[in-house]
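A.B. asks: Below are the chains, spelled out letter by letter.
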Amino acid sequence: MAENASTIKDTTKDPIKASELDPKFKYKIMKMHGGEKLLKCFQCGTCTSDCPVARYSDSYRPRTLLHMARLGLKDRVLKSDTLWLCAACFTCTDRCPQGVEVASVIRVLRNLAAEEGIVPQVFKDQCASVLESGYAYKIPDLRLRKREPLGLPPLPKGDPESIKKSLKGVSFMKHVENKGESDAKQ
Amino acid sequence: MPNSKYLIFLGCAIPYRVSAYELSARKVLSKLGVELVEMPEFNCCGLPLDPVSHETMLILAARNIALAEQQGLNILTLCPGCAGTLKKVNKILKEDKALKEQINGHLKESGLEVKGTIEAKHLLQVLKDDVGVDNIKKAVVKPLTMLKVAEHNGCHILRPKEYIGFDDPEDPQTLKTLVEATGATCLDYMDETECCGAPSVGVSDKVALQLARDKLSHVKQVDAQALITICPFCHIMYDTNELRIEKMFQEAYGIPILHYPQLLGLALGMTPEELAFNELRVSTKKLLEQFNEGAK
Ligand code: SF4
Ligand code: SF4
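Residue numbers (our numbering), protein chains in the order written: chain H, 1 to 186; chain L, 1 to 296.
Incorrect hints may have been included.
Within a straight-line C-alpha distance of at most 25 Å, the following computed PhoX-like cross-link-like pairs (lysine-lysine) qualify [as the list claims (entries may be wrong)]: (1) H:Lys168 <-> L:Lys100; (2) H:Lys168 <-> L:Lys115; (3) L:Lys27 <-> L:Lys176; (4) H:Lys164 <-> H:Lys124.
Please keep in mind that the hints were generated in silico from the structure rather than gathered at the bench.
Hey, can you work out the whole structure from these sequences and the hints?
C.D. replies: Quick look at the structure:
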């Protein structure tokens, strides 16, 4: 499951061709909840220098991601594996002198990648688990059986039917619901 | 002792792997006069799915808020991730009428609606605001003056500041004060507010474990006898991975990782067995010896 950070392909350093720029990409980001302030970034680098993940990764750089997004390097940004390294610690958000909400912009980029079907398996599994039980993880039977002897009350039950109804029409769900089909086709 | 009443929101990670936290928190809260009502139905707070779909996260969080509103009770969570998400979504929906309508549209078919009548709080906030540090000090029967420990707040209890509005993210004091209320000394160390790295596990174990390793080595440098956490994910990150990190980097830490209610429980006179110390991976033998020596 786990990848060594240094084996993740880094596309940020390949030469840029004008044909790969999507000039409208930035507006798409700015229309999404949390992405509104992308253009306020003046590239000071506070986010990258304070980012705990950037410290241990050769390629993960929040400032660079924001700049690429703004330039319109849509495919490179959305297909970059390092996009999924952000720990959502919000240090960058709190310290950005321009109030960019950096972590939210990165989340918007991930949401856009997910719309195109680029999602690490662990997220698909969690989504499927929520639909099945209400919980993001499948609680092992052993844990459930141990609750009573430990003196813990039974776990609240999820209501999968009701959850499914609420999530109807959410576009990401197609990636979870079609999971069985696309696996079968491969 | 004050009497306050909350719906307890367990979230996913605690029942999945961290029952010692739940057990010790329930015991400590009951002793301090906080009444817990079980959440009637449940779904994930939404945070784990925010990266893939913000809309899914909003709907999941809103469902929980709506369910709590039906009970007319505020929510208490043990997980800062759940607290942060429920707080943030509660605030966003209160401020953004159009978004609220959109999300309520999703909830309608299940007969649910967010009105904006409840609050969500983390355990720490309830201990500080409802119980009060002075009352905690008064309830202490075995002051832990023999222990020197360090604390780790974790990210989502503090950041982003704009949505959480709890303590100072750059120099947080609440957990320190609560640790010291037990009589223990709470040590300062380098990069105290740094992320544990847990969310990056699974994308890159190496990045995540290096973050955890730095934390453990900074805690070791000040000779803390234990690290105190208040988040299931931070706890898993340090307690479950400490042996792995020791092996990977050829270093020895031997730092027990305690859930804050376990530390508080000791001071309130509960036994390590009652507080599920046996569920911890890193041995607490030495720490408990020191505790027993000092308590004599
Ligand atoms: S800290 Fe803010 S302004 Fe500075 S580079 Fe990062 S996003 Fe841009
Ligand atoms: S939220 Fe992500 S990008 Fe920002 S500092 Fe934390 S890990 Fe780095």
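A.B. asks: Look at each hint and say if it fits the structure.
C.D. replies: Do the hints match the structure? See the list:
1. A hinted pair counts as satisfied when its Cα atoms are at most 25 Å apart, and lysine 168 of chain H with lysine 100 of chain L qualifies at roughly 17 Å.
2. A hinted pair counts as satisfied when its Cα atoms are at most 25 Å apart, and lysine 168 of chain H with lysine 115 of chain L qualifies at roughly 21 Å.
3. Between lysine 27 of chain L and lysine 176 of chain L the CA atoms are separated by roughly 21 Å; this keeps the pair inside 25 Å, and the hint holds.
4. Only pairs whose Cα atoms come within 25 Å are accepted, and lysine 164 of chain H paired with lysine 124 of chain H is accepted, the gap being roughly 15 Å.
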